[in-house]
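Q: So the sequence lines, in the order shown, correspond to chains Z and V. For the first sequence, position 192 matches number 192 in our numbering, and the numbering has no gaps at all. Position in the second sequence counted from 1, then plus 1000, gives you our numbering.
Please keep in mind that the hints were generated in silico from the structure rather than gathered at the bench. Some clues are possibly wrong.
Only some residues are given here: those of chain Z computed to face chain V with a beta carbon under 10 Å [claimed, not checked]:
{"id": "1", "residue": "58"}
{"id": "2", "residue": "64"}
{"id": "3", "residue": "67"}
{"id": "4", "residue": "71"}
{"id": "5", "residue": "229"}
For the chain Z half of the interface with chain V, some residues (derived, Cβ under 8 Å), not all of them [claimed, not checked]:
{"id": "6", "residue": "5"}
{"id": "7", "residue": "7"}
{"id": "8", "residue": "20"}
{"id": "9", "residue": "24"}
{"id": "10", "residue": "27"}
Values in this document were obtained by computation on a predicted structure and should not be read as measured data. Beta carbons are placed, not taken as given, at the ideal position from N, Cα and C, and that holds for glycine.
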Amino acid sequence: MPTLQDIALKTSGSAAKLVSGHRMCAGCGIPVVLKEVLAASDKPVIVINATGCLEVTTAVYPYTAWNTPWMHLTFENAAAVAAGIEAAYKSLKHRGKINGEVNILAVGGDGGTYDIGFQALSGALERYHRFMYLVYDNEGYMNTGNQRSGATPFGASTSTVPAGKVSPGKPQWRKNLVEIAAAHRIPYVGQSAVHNTLDVFKKAQKGFSADGPAVLAVLQPCTTNWSFDSALTMQYSRLAVETNFWPLYEIENGIVHITSKPTNRKPIEDFLKGQTRFKHLFRPENQHVIVEMQEMIDDEWDRLVKLEASGVRF
Amino acid sequence: MSDKKVWQDLETGMELPPATSLGYRTGGWRILRPVYDPANCIHCMICVSYCPDMAIPVTQTEEGVAGKGGKIFKGVVRWQTDLAYCKGCGICAHECPTKCITMVREEEAEQAACKP
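Bound-form chain V, shown alone (with noise of 0.2 Å):
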């Protein structure tokens, strides 16, 4: 054994680029639609914070949207839910104070979109 390794020999263990799991849609795995009303939330962040697929989508704003009764919201705020990795638990639905989030039976979430 005249070429004995040395551990600084050994190869590199296995590495992965980071969040790679982004092109890996959960999506499909839903039963039920989180459909979200803009017109009734007050950007509490307690859906965001609870949201264990990271599927919705926030945004530090100076003009600011309106929420609840018309009133604008500034600072932090919510868009609708990524479906393309919303798994449908509906821990936002339940969460939120206002009940701004309805669960829906996905197809019917889906018929409903199509309607012209």
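Okay, chain Z solo, but in the shape it has when bound (with noise of 0.2 Å):
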């Protein structure tokens, strides 16, 4: 059983594979994520970075936060290029060039990942090269400003999609990437969130020992564009998995496995409120959003609950 002192004894010092000195906003959670995440892998990792917040913010030339090897990409193709270092290593290590094991992991933010980035993740997963993909999801371009993304939850009013008179926000729902990237058959798929580092770190441990491509989303709370204090990024990570609005999850050979299930279920208002990105909803004539939200969260748990119970592969 891992405990918080031997992840917290891995991150630091001279074994933290991300240091101190990247320009993340105070408060963000995408480094906590990395650091969970990271310590989770006992071989060396070679990280492939997709265009995002946390690689404008960690290689500042001269400057890199990275003590590990880091590549970064362009938005598009972080799992076709994390594919073919697979194979490379793949084709060296035959060959007695080298030898000893890595593990290779693919990061994108909700924006490379479930919009432009997909064409290629879906690819590599389907060409069952052995790495993990981690989305950090933060629901939106956030770091261009808040542009809605396929991650931007029903309701909420980001940039591209303002709420006014007319609209009350976004209008879709979000896409559900776990069950997508799970439908291409692979080893191993988890849904955590930043709050819970043991639960993100057991994930991030499966999907490296995973036969195949794993994928890992975790929600991380944006403190700028959710605007909220940035002392609550944490509290508001706790808040989307007690209001069943992040369940977390994982689908391990197909098999749905509810990892933490709130006994009381907390109104999805607690979630909403405090943060600016919502704050229209509570307004009289947009009431009956957050009751569609409700509903939509219920149904959606509901039907996990009994994929789980079923025991169906997925």
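Given two chains presented individually in distinct reference frames, assemble the corresponding complex, making use of the accompanying hints.
A: Okay, here's the thing in structure tokens:
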């Protein structure tokens, strides 16, 4: 059983694979996600990083916050390059030019994963390369000023879907990346949230040890564009799980397993409160959006619980 | 084109030595300073694992350090926050189960530190 003490030791000092001095916003959860995931690898890690918050803040020339081999790519092709590196690694190993084991980790934000890098990701999963794809999901293009993405939730106001007199925010529900990834019949897909350190750690361990591709989606509240106090990042992540807005579950070899079941499901308002992107929903004319949102969340949760109980392969 | 290049002749891409960002001190961003009281700490490592700036140093100790209630904590323990990198987000103070970290305005903390 991993403990916070073990993880703390693995993520500090010379053992840290991501170090201080990066320029992410105060209170950003992305480095926390990366710390948790990188600590879960017992082998050297090669990180392949799509464009996004993580990339622009950790590699400002001549500085780099990475203490592990790292490569930046365009938005589209993190998964394709991860696949190429895995193929090259296998080839070099086969020819006896290198030995030793490595883990390959491709990282992207939700923009680079749900939308722009989706085709490359789907291809790499289908070709069954042995790598893990990590998506830190802050529900929009936060690096460029809160544009909507395929991960932006229903009802959120963004700079490209602003709420106003006519529109109550984004009219569509978000994509379910975890289930889309699981539909590729890959060995491991997980969904976790940044506040639950041990859950992210354990899921990352399973992802790294999977005999094939793995996908891990981690919710990461954005203090800048969800607009809440920087001290509340973990609090919002926790609320997302406690309201069933972002259930923690995994699909291992097709079998669904919910890793955290809230005993008392909190109303979705608890999560929406205090976020500027949902502020308009509390106006009387937009009450129906919250009701609709709550229904959708409960429906999705029921379906997930039934899927788990049935034991049917996904 | 007699001097046609093959891919092996191409120059290697950009390479940087690792972890150079340690030379970039982000502590100057801070408005609120976390003031840590070791006498109330249980060394649970929640603040350490949540710190986005990896600004809380930890070490493994067999001797142990005194924490809450004078108890000696052995194993992995935390030390004072590294103010060279802490951006003052306040996650540690908000999540601390014993509330042994308080956020103080930077200028007040500075003045308090200057008093004889």
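Q: Closer than 10 Å between Cβ atoms is the bar; does residue 58(Z) clear it against chain V? Give me holds or violated.
A: Check passed: Cβ of residue 58(Z) comes within 7 Å of chain V, closer than 10 Å.
Q: With a cut-off of 8 Å on the beta carbons, see whether residue 5(Z) makes it to chain V.
A: holds, 4 Å
Q: Holds or violated: residue 27(Z) as interface residue toward chain V, Cβ cutoff 8 Å?
A: This hint holds: residue 27(Z) lies near chain V, its Cβ roughly 3 Å from the closest one there, short of 8 Å.
Q: Interface hint check: residue 67(Z), Cβ to nearest Cβ on chain V, cutoff 10 Å. Holds or violated?
A: holds, 4 Å
Q: Holds or violated: is there a CB of chain V closer than 8 Å to the CB of residue 7(Z)?
A: holds, 6 Å
Q: Does the CB of residue 24(Z) sit less than 8 Å away from some CB of chain V?
A: Holds - the Cβ of residue 24(Z) comes within 8 Å of chain V, reaching about 6 Å at its closest.
Q: Does the closest beta carbon of chain V sit nearer than 10 Å to the beta carbon of residue 71(Z)?
A: holds, 9 Å
Q: Close enough to count: is the Cβ of residue 64(Z) nearer than 10 Å to one in chain V?
A: holds, 5 Å
Q: Take the shortest C-beta to C-beta distance between residue 229(Z) and chain V; is it under 10 Å?
A: holds, 7 Å
Q: Once the shortest beta carbon distance from residue 20(Z) to chain V is found, is it less than 8 Å?
A: Since chain V brings a Cβ to about 4 Å from residue 20(Z), closer than 8 Å, the hint holds.
Checked against the numbered hints given earlier, the structure satisfies every one of them.
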